[in-house]
Amino acid sequence: DTGVSQDPRHKITKRGQNVTFRCDPISEHNRLYWYRQTLGQGPEFLTYFQNEAQLEKSRLLSDRFSAERPKGSFSTLEIQRTEQGDSAMYLCASSPRPGPYEQYFGPGTRLTVT
Amino acid sequence: DQQVKQNSPSLSVQEGRISILNCDYTNSMFDYFLWYKKYPAEGPTFLISISSIKDKNEDGRFTVFLNKSAKHLSLHIVPSQPGDSAVYFCAASADGGTSYGKLTFGQGTILTVHP
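Chains A and B, in that order, are what the protein sequence lines are.
Counting with our numbering, you get residues 1 to 114 for the letters of the first sequence.
Counting with our numbering, you get residues 1 to 115 for the letters of the second sequence.
If we strip away everything but chain A, and leave its shape as in the complex, we get (with noise of 0.2 Å):
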């Protein structure tokens, strides 16, 4: 068990870019939880998957950003036209069980839009 990874640990993009981050949660975990985490502040969610359901999504998540799950394994984060604003760490986390239990965090990409 090497705990959740994140790909790529850090990405420097240009405004208007598309950019794509990877997390790999911890097998056999079906809960995996998609945070972001700006200057200052604790991480906030951003949307749910159970499985490859895709089940909760906070009004953070604007049309720019679209997360999958494909086969219930890695997931996907995508943000399409990016804005400097959308400069942050982005934190993926995983849970072995349904319920309100303790959720182990990935090392996070930051994200910088310059």
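These are computed hints drawn from the structure, not numbers from a lab.
Please read these numbers as outputs of a predicted model, since none were measured by experiment.
Relax, there's no trap hidden among the hints.
Interface residues of chain A toward chain B, partial, derived using beta-carbon atoms under 7 Å:
id	residue
1	42
2	43
3	45
4	91
5	106
For every residue, glycine included, the Cβ atom is placed at its ideal position computed from N, Cα and C.
Based on these hints, arrange chain B on the given structure of chain A.
Relative to the frame of chain A, chain B by itself:
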């Protein structure tokens, strides 16, 4: 609206002394609370949690206290060690309904433990 608040941005303590980190919440639907620790360039690491049916949970040097009437929880670290220096986040979750276990985090408190 900030449903989980950590009003102290930073805390400095001497090695061996007690560290007390505080957290307040406003949403009465929250019934499960967690503390995470975060080092630079790493994701948050789970520390300890407490269900709303309890008022105290202890794990080694870490104890979390919950005061539901005051909507307040605290994390006690005794004794504090320099390796405890990190950002500490309080998080809350509402069981059932459509919350699906999503966590609502506070802003974090930077703990510095001096040797």
